[in-house]
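Visitor: Keeping their order, the protein sequence lines are chains A and B. Here the UniProt record's numbering is used: the first residue of the first sequence is 1, the next is one more, and so on. Here the UniProt record's numbering is used: the first residue of the second sequence is 1, the next is one more, and so on.
Hints were generated in silico from the structure; no laboratory data involved. Keep in mind that the hints are not guaranteed to be accurate.
With a straight-line Cα cutoff of 27 Å, these simulated DSS-like cross-link-like pairs (lysine-lysine) come out [stated by the list, open to error]:
no.	chain 1	residue 1	chain 2	residue 2
1	A	K790	B	K75
2	B	K75	B	K59
3	B	K273	A	K790
4	B	K423	A	K843
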Amino acid sequence: MSRFFANGSDSESESSEEEVQAPNFNKAAAFQFSDDEEEVKRVVRSTKEKRYENLTSIIKTIRNHKKIKDMSSILTSFEDLTRAYQKALPVISKEENGVTPRFYIRSLAELEDFINEVWDDREGRRNLSKNNSKSLGTLRQKVRKYIKDFEEDLSRFREAPDQESDVEEEEAHDSDADRAAEDSDVGVPKIAEAVPKIPKVAQAKAPAADDDDSDDSIDWDSDTESETESSEDENQYQNMRERFLKRTTEKEDKDDDKRKDKRKEQKTKIRKRAEDDEDGEWETVVKGHVVEKPKMFEKDAEIDIPLVLAKLVEIMSARGKKRTDRRLQIDLLFELRDISEQHQLGTAVSVKIHFSIISAIFDYNQKISEPMKLEHWALLLEVMQSLLKILLVNPDINMSENVAEEHEEFTQAPFYVRGCPLAAVERLDDEFTKLLKECDPHSNDYVSRLKDEVNVVKIIELVLQYFERVGNNNERCRIYLRKIEHLYYKFDPDVLKRKRGELPATTNTSVDVMDRLCKFIYAKDDTDRIRTRAILAHIYHHAMHDNWFQARDLVLMSHLQDNIDAADPSTRILYNRMMANLGLCAFRQENVKDAHHCLVDLMVTGKPKELLAQGLLPQRQHERSAEQEKIEKQRQMPFHMHINLELLECVYLVSAMLLEIPYIAAHEFDARRRMISKTFYQQLRSSERQSLVGPPESMREHVVAAAKAMRCGNWQACANFIVNKKMNTKVWDLFYESDRVREMLVKFIKEESLRTYLFTYSNVYTSISIPSLAQMYELPVQKVHSIISKMIINEELMASLDDPSETVVMHRSEPSRLQALAMQFVDKVTNLVDVNEKIFDMKQGNFFQRGNMGNRDRGYNRNQNNQGGNWGGQRRDNRNQRNRNQRGHHKQQQQQQQQQVQTIDEE
Amino acid sequence: MAQFDLTRINCQYLDRHLTFPLLEFLCGKEIYNQQELLEYILETVNKTNMIDYTMDTRKRLNLSQEMPEELVQRKAEVLATLKQLQNEVAPIMKATDILKNGESMKDSKTFVNALQKDYNFKVEHLESAYKLAKYLYECGNYQESTSYLYFCLIVMSPNDKNYLNVLWGKLAAEILTLNWNTALEDLTRLRDYIDSANFSTIQALQQRTWLIHWSVLVFFNHPKGRDLIIEMFLYKPLYLNAIQTMCPHIMRYLATAVVINRTRRNALKDLIKVIQQESYTYRDPITEFLECLYVNFDFEGARLKLHECQTVILNDFFIVACLNEFVEDARLMIFETFCRIHQCITISMLADKLNMKPNEAECWIVNLIRNARLNAKIDSKLGHVVMGTQPLSPYQQLVEKIDSLSMRSEHLAGLIERKSKQKNQESIDSWKYY
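Please take these sequences and the hints and turn them into a complete structure.
Guide: Now the structure itself:
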């Protein structure tokens, strides 16, 4: 009886049913153990059970179909069955040593018999529907083919046909019995498995133990027995006893497992011991100096170059193998280095050993995503430096990848060593970034880690010197790029000082260094990637130091925006960073429009943080898998290279405000008005939706409040919202010359407010005096004059100046209702024509632009770009630009016509 | 005034012989030290074979009246070489004569055939003719040089390695002989050659830069040049590009050309765009004048700049001839802009802005009104000019908008029609094969 609890698992699926069936079951006991039960159930059901259940259910459906001779369904079920079996195979091979489960074989045999029977019955076959007979044919072929693999099992099965009757008997049962049969099917292999354990448990249950294959009937019987037993539910004690028994067996099982584990452990230990034995002599070497030397080499061995090299090769050959103790390897190599230095085996050998140490340290960490340990990092820096010092001091050592192992030369003057310091330094640099990313950027750890940057840069500098002496162009480009990447994001105040003349023009600044390095790469690089990155870094650096025009020209002439989409992610990140910085630079240099164009692509997505790789957005609906997240984490920028996002957003919003507000005012009733900045609109709208607007708190609220003030032309309030103490600490103080920027801002606010004011209120005035406007906006009269003139010329403002009285005279004549309607109508018709043209344009490929597209010369595009003011280069924007150009084109035509009309009039 | 002098930069891109006129021009301007200039000229001349010119310069420098020994020797040498080269070419000399008279020999192929048949012409002859031409050019005998170069040009195939040199030489010689019509022809020929030949990007850029500088000489001397210069510099992207990258100082000449060209006012807009773009690499009074007038609408600034412009133009060899035109047109531009913005202007203020006396200004305006270039009236009592501007009525606006609409739709309809016709044609064509 208890045996079934010992194997337990098979009937567990029913145990819950049991409980339902037996309401008089002692509740306390049930509660006591229910948890336990469930636990067991879960564990067991995991793989084997599931697969088997799947199989049996399919077999059952086949049986059902057989009854009604639905051949096509049998065919599909059979295919399902083979598939399910395929799935179950690993479990089977694991749990039953590859013996095909009996119930499966049985079902196959049945199926075969059934098919033969149907096939032989010619009369019946003719009566079958077309579909069914067709299925029968295919099924027969398939089964025949499939069965071939199980020939042996089948023949063995057929030798014991007695079981077949059982099956038939089962079939005779009603649905309940069917379920039971199913259960029994599941039960079979379990018992088979449990058999060897039974003797250990010392539960003498001879019949079951004897019957290795554990025939179905018995099994089924026992199942029912257990059912009846539990339904009988004699008393609590017995129940408890059962439970207890079951538990003991469980424990026994566990113990057994443990024992196995132990044995395994022992084995591995033995193996390890063997390994240790192999390396045993080395381990002791580490401890003392004098003692172990003879162990490193033979006691009286003459230590010379070949011997050391042989040892080195020996140590290094263990590299990468699973059982190698990597820490030990590093120690050994250090040891070897000391020995070789003691015996003065020459610099070449020492270089070789140094290099081996470096690669051993790199090897220490097996996971690429994890940073190396700090101790190793320090060691690495030190070894790297000493290696490079040796290389630089001894010009007769040639170290490169091109030297083959056989051609290495350690004994005489032109030494040849295989190895690549470039690859090593690149790896070192990557490791450094990883280390930085590991630290919390706001902790002291980060700062102390960052101090190593000096060392890293120093090492890069040394390698650079080395390669300037020996390297070919490609290698030089690579190391230059490394240097550039450590240089480009750093601000050098000397540049601006020199620009202002505070420093003599001969001072060497970082911009000059960048120039030199980048120009070399532009000229010599033959891989596109290095050049692209160099250009991006170069632009970034220029933008950082307010060299707006140089930066702009580099962007436009390099045509990066055309094909940046094809670049690798890290280059795209660099591109985004460059664009962000270019935008900031344009803003500082009073080019609000350009600033907006640069930033719009970053900001319109709403996730500049991700685009700049400065942090991952919180997970939304599992957008990315863990794998992806890992990759993305690797791409993140270390904290000290971040661009302040709030500053970026503020600059963007302010420049959008400066562009958008006058535009809104000018086109208040224009049906064809389009928004310049979507993000800015969103901010405006969200603030309008609020029922109660409090005083601004965040940066965004400040900008929105300023925008609202500007809409009424109230420049003072606008300026106060943009430039105040809060905003200064939040944003503006982050600029190097913050005072200048603030002045510039106020100036722009005044000008744009004036424009807005004129647009908004011009219909109220017949004339406005210029001096009073100048007074209102605290601008020089000259400036006001110039602004108004510009508006008049551009036909934005219907007015003209009256010189003697210094006033602006408005010509705006209010259209009558009919006229206004007509105007609206015309606008709509214009829209229609626009749309028509667009459609034709799309169908035709860019027909209107054909003339322009053919020519891709750099300067030409440069002009074109500036006309459209397109910076982003994303396809969407290109389309916009095209439309814009088109419109401009038409406008031009229009104007030409106007002019013609005018000249005709004049004549 | 030296800060706006471009001779130093321009000379980098000119042939040695072409710089002499510039340098001589400077000698008369007293911008630089006369003595130094002459020494520089002497140094340059010494590199050529123009012995007489060397002597002349030496005289002007008051070095010595006597010809130094080495110069005498060199002169003899030069003459000897010349003689020798002429001998080499002698067999085909007659042919060149034929070329000059024979109208029927225009086709180069028939000409070459005839040469081979009648004069036993060989490739070496061509080589020596080229050498002679070059030598003659170096000696300053441009007239004769051109005729040989012309000969070479006709006989040579465009693939010849000297072909480009011949083109350049021809252009230089024509410029130096002040033969503007042929110079212009050569210029176009050279430009076509440069544009079609496959140079590397840098080479092409260099060639174009040179061509731009040389062409300035031609354009400002040829009557048609003023249109052509705008056409080439502003509307040929390749050349605009070359100007932007290599020689933004050419903007001065381009700006001048646009200002003095009344019929091409719409080029102004494009020009100003370019000027603004390049304002960080190059600015001088002329570009600043345009910037003041059309970007900042700063009339006071424009007035001051116009004043500066006059001195700059006066000292620039290339555009000195356009001075009066420039001033006149610049004034007109100021005035036109003024009129577009203003409703009423006092004459005295206007006179001030135009660098004129009030009386003169009034006279000038009266002339303008009489010539119907200006829709305005003078209020002589108050001393005002009142513009006859009418505000744009809604009706007019409407008409304008619709005007362009119909044109656009027509254009679109035309395109579609063409497309469908093409399609039909295609389908008919494709049916033919069945």
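Visitor: Can the restraint linking K790/A and K75/B be considered satisfied, given a maximum Cα separation of 27 Å?
Guide: Answer violated: K790/A to K75/B is near 65 Å, above 27 Å.
Visitor: Straight-line Cα separation of K75/B and K59/B no greater than 27 Å?
Guide: Roughly 17 Å separates the two Cα atoms, so the pair holds.
Visitor: If you draw a straight line from the CA of K423/B to the CA of K843/A, is it 27 Å or shorter?
Guide: holds (14 Å)
Visitor: Hey, K273/B versus K790/A, does the alpha-carbon distance stay inside 27 Å?
Guide: Cα-Cα ~15 Å, so holds.
Of the numbered hints given earlier, the model fails hint 1 alone.
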